[in-house]
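K.L.:
Sequence:
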Amino acid sequence: MAALSGGTQDSWILYEKPHFEGRAHVLEEGEAVLRHLWDSPKINDKQDKITIGSVRRVVKGGLKVQLPSDPKIILYEKAHFEGWSRKITEHVSAIGSLTCDGENGSCQDIGSIQVIGGIWVGYENERYKGHQYLLEEGDYEDWQAWGGYTNTLQSIRFLQADFLEASVTLCETDEEDEKQINLFNQAIPDLELAGYKTRTQCINVKQGMWVAYEQKHFCGEQYILEKGRYKTYMDWGGSNNIILSIRPVLLEPLGRNDAKHLIKVYSRTEFQGEDMDFTEGLSEFTSFMPMSFKVLRGCWLLCYGSDGDDNLCVLEEGHFPDLASCGCPTAEIKSIKPIDYVFAEPSLSLFALDSCEGRQLYFEDAVTSVLSKDLHFYAASVWVRRGL
Numbered sequence: 000m001a002a003l004s005g006g007t008q009d010s011w012i013l014y015e016k017p018h019f020e021g022r023a024h025v026l027e028e029g030e031a032v033l034r035h036l037w038d039s040p041k042i043n044d045k046q047d048k049i050t051i052g053s054v055r056r057v058v059k060g061g062l063k064v065q066l067p068s069d070p071k072i073i074l075y076e077k078a079h080f081e082g083w084s085r086k087i088t089e090h091v092s093a094i095g096s097l098t099c100d101g102e103n104g105s106c107q108d109i110g111s112i113q114v115i116g117g118i119w120v121g122y123e124n125e126r127y128k129g130h131q132y133l134l135e136e137g138d139y140e141d142w143q144a145w146g147g148y149t150n151t152l153q154s155i156r157f158l159q160a161d162f163l164e165a166s167v168t169l170c171e172t173d174e175e176d177e178k179q180i181n182l183f184n185q186a187i188p189d190l191e192l193a194g195y196k197t198r199t200q201c202i203n204v205k206q207g208m209w210v211a212y213e214q215k216h217f218c219g220e221q222y223i224l225e226k227g228r229y230k231t232y233m234d235w236g237g238s239n240n241i242i243l244s245i246r247p248v249l250l251e252p253l254g255r256n257d258a259k260h261l262i263k264v265y266s267r268t269e270f271q272g273e274d275m276d277f278t279e280g281l282s283e284f285t286s287f288m289p290m291s292f293k294v295l296r297g298c299w300l301l302c303y304g305s306d307g308d309d310n311l312c313v314l315e316e317g318h319f320p321d322l323a324s325c326g327c328p329t330a331e332i333k334s335i336k337p338i339d340y341v342f343a344e345p346s347l348s349l350f351a352l353d354s355c356e357g358r359q360l361y362f363e364d365a366v367t368s369v370l371s372k373d374l375h376f377y378a379a380s381v382w383v384r385r386g387l
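Each step along the sequence shown adds one to the number in numbering that gives the first Met the number 0, with nothing skipped, and position 372 is 371.
No wet-lab data here; the hints were simulated from the structure. Treat the hints with care, since some could be wrong.
As the list claims (entries may be wrong) - Below, a list of computed lysine-lysine pairs in the BS3-like style, where the Cα atoms sit at most 30 angstroms apart:
id, residue 1, residue 2
1, Lys-128, Lys-333
2, Lys-205, Lys-128
3, Lys-196, Lys-230
4, Lys-77, Lys-63
5, Lys-215, Lys-230
6, Lys-63, Lys-333
7, Lys-86, Lys-63
8, Lys-77, Lys-128
9, Lys-215, Lys-86
10, Lys-128, Lys-215
11, Lys-215, Lys-178
12, Lys-259, Lys-178
13, Lys-16, Lys-128
14, Lys-259, Lys-63
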């Protein structure tokens with residue numbers, strides 16, 4: 000390989016041996032002359048060539064996810080998205096059950112992956128054991144693209160967390176008052192450079208989700224850290240307590256052309272049957288009658304009919320497997336529309352008469368039972384002053 004190497008924007012890691020093994024050397028943006036990369040220079044040694052076994056690009060910054068509440072992944076038989084494919088929307092503890100050949104019973108490896116939505120983690124062995132591979136939204140044309148040691152992937156699951164903020168504490172000992180490092184929404188490619196030692200005794204994920212790595216610059220063995228406390232390296236699935244880099248998984252901010260509101264509507268309960276996506280309101284359903292919903296972005300107003308009357312209910316981001324979960328059981332859905340709201344100190348008034356007249360009850364906090372405030376009060380109208 001030539002002694003002169005260049006890079007643009009991204010960083011790269013050169014490995015001494017194939018399959019990302021052996022000693023490693025990091026190349027930052029710019030040009031660098033590489034001589035005697037792995038060995039010390041010898042007297043009268045004029046060799047201008049070096050041997051590099053493998054190369055990997057370093058993805059800077061934190062990991063991103065756009066559709067955490069709509070997990071969807073496609074597994075392909077061969078590299079570059081060829082051969083048979085399987086679409087997955089749930090946890091799979093044994094991928095072999097999906098890929099086994101019915102004639103001879105042999106199970107095939109996975110050649111490539113497309114992550115359509117959500118953040119996923121693949122495992123080398125069944126029942127979510129062995130090497131862990133974080134899969135964010137995007138395409139993985141072969142097993143090397145997802146950082147695998149081989150093309151063996153035997154179980155997979157999607158991750159759920161609050162991706163708006165991430166906070167974690169790494170401790171060098173069991174004692175909380177000893178050396179530790181606190182991180183908030185921050186990716187650290189080199190913990191040693193940040194003043195932290197190479198060994199971690201315990202980890203406390205306070206918010207969000209993190210991915211720790213055994214090597215610097217987000218390389219080597221991956222450890223998926225969900226919210227909770229990890230007392231030893233065995234708790235996070237490691238073979239030792241060495242962690243040299245770490246980064247959070249955060250929600251990708253919407254771009255200028257991204258819709259602020261997005262809802263997925265299904266023709267049957269439990270998100271089955273036909274489905275349609277909406278970014279704008281719909282005054283009438285003609286294709287099918289909605290029976291379940293996934294609110295992926297924003298807030299939506301649902302209009303439904305029951306006993307000849309029109310009623311409204313608000314659907315915030317989340318999954319609604321049937322009409323009862325929406326608050327409108329055994330009803331006919333008439334229309335949906337997105338609504339904008341501004342976060343403010345909430346307050347509302349309940350009135351005993353129509354048109355917001357008569358006796359009034361005023362609330363600024365949640366109330367589980369209005370009758371507990373006034374045993375003989377029955378609301379006839381509502382005035383939402385602030386909030387939602």
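K.L.:
For a quick check of understanding: which of the numbered hints are violated here, in increasing order?
P.N.:
1, 6, 9 and 12
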